[in-house]
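Engineer: Put chain H on the given structure of chain W with help from the hints.
The chain contents come next:
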Amino acid sequence: AQSVTQPDIHITVSEGASLELRCNYSYGATPYLFWYVQSPGQGLQLLLKYFSGDTLVQGIKGFEAEFKRSQSSFNLRKPSVHWSDAAEYFCAVSSNAGKSTFGDGTTLTVKP
Amino acid sequence: DTGVSQDPRHKITKRGQNVTFRCDPISEHNRLYWYRQTLGQGPEFLTYFQNEAQLEKSRLLSDRFSAERPKGSFSTLEIQRTEQGDSAMYLCASSLILGSTDTQYFGPGTRLTVL
Numbered sequence: 019a020q021s022v023t024q025p026d027i028h029i030t031v032s033e034g035a036s037l038e039l040r041c042n043y044s045y046g047a048t049p050y051l052f053w054y055v056q057s058p059g060q061g062l063q064l065l066l067k068y069f070s071g072d073t074l075v076q077g078i079k080g081f082e083a084e085f086k087r088s089q090s091s092f093n094l095r096k097p098s099v100h101w102s103d104a105a106e107y108f109c110a111v112s113s114n115a116g117k118s119t120f121g122d123g124t125t126l127t128v129k130p
Numbered sequence: 054d055t056g057v058s059q060d061p062r063h064k065i066t067k068r069g070q071n072v073t074f075r076c077d078p079i080s081e082h083n084r085l086y087w088y089r090q091t092l093g094q095g096p097e098f099l100t101y102f103q104n105e106a107q108l109e110k111s112r113l114l115s116d117r118f119s120a121e122r123p124k125g126s127f128s129t130l131e132i133q134r135t136e137q138g139d140s141a142m143y144l145c146a147s148s149l150i151l152g153s154t155d156t157q158y159f160g161p162g163t164r165l166t167v168l
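Protein sequences, first through last, are from chains W and H.
Residue 51 in the working numbering sits at position 33 of the first sequence, and the numbers go up by one each step.
Residue 112 in the working numbering sits at position 59 of the second sequence, and the numbers go up by one each step.
Just so you know, the hints here were simulated from the structure itself, not pulled from any lab data.
Any given hint could be a false lead.
Stated by the list, open to error - Subject to a maximum C-alpha distance of 30 angstroms in a straight line, what follows is the list of computed BS3-like cross-link-like pairs (lysine-lysine): (1) K67(H) x K110(H); (2) K129(W) x K67(W); (3) K79(W) x K67(W); (4) K79(W) x K117(W); (5) K64(H) x K110(H); (6) K117(W) x K86(W); (7) K67(W) x K110(H); (8) K110(H) x K117(W); (9) K129(W) x K64(H); (10) K67(W) x K86(W); (11) K129(W) x K79(W); (12) K79(W) x K67(H).
No experiment lies behind these values; they were computed from the predicted model shown.
Excised from the complex, chain W in its bound form:
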């Protein structure tokens, strides 16, 4: 069975500081990996995805993520956080059958 762990429930960073959100997955085959962002009361917006190829993937809003098979990780990074990045972030894994399994999310607070 596939699973996702996001070890950090809540992270606070100062505006302009760098950010890294952790994601560890469990999946038997080559995973398809995603990061989504969710603002309060809203649906999920896709930030980036990894299917194959280059292990460093670029997404929208200046985010990037690195797939590390040896560590079963897919951490999300941003070099300089903006106040508008405050939201909840979800990592997800899926097989080519499509069903996604999500972590429980990391809430990001940005200090001025």
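Structural biologist: Then chain H, alone, in the frame of chain W:
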């Protein structure tokens, strides 16, 4: 693309009543998914369709839940005899399966409150 739309955005109902939610996927997307999200949790898979065929249902989907996608376009999710534990955000997502890749795009969700 106008994105995935869901209706209604909010629904308040009394325990025991039936409710129905609608999801309109991105045009020409052949897959449609339903997820449920409770406070502090990530979305949990409920069911999905490829065109009009329902291909998988989660064990979370009790007999009180039924989903349809009659013409392979919009979908409805019905909950019969609602219980307070059904209170959650119900999210719909759609995708266009190309080979083995499948990127899901989510709608804004329907928040259900059962009193």
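Engineer: Mind listing which of the numbered hints don't hold for this structure, in increasing order?
Structural biologist: 9, 12
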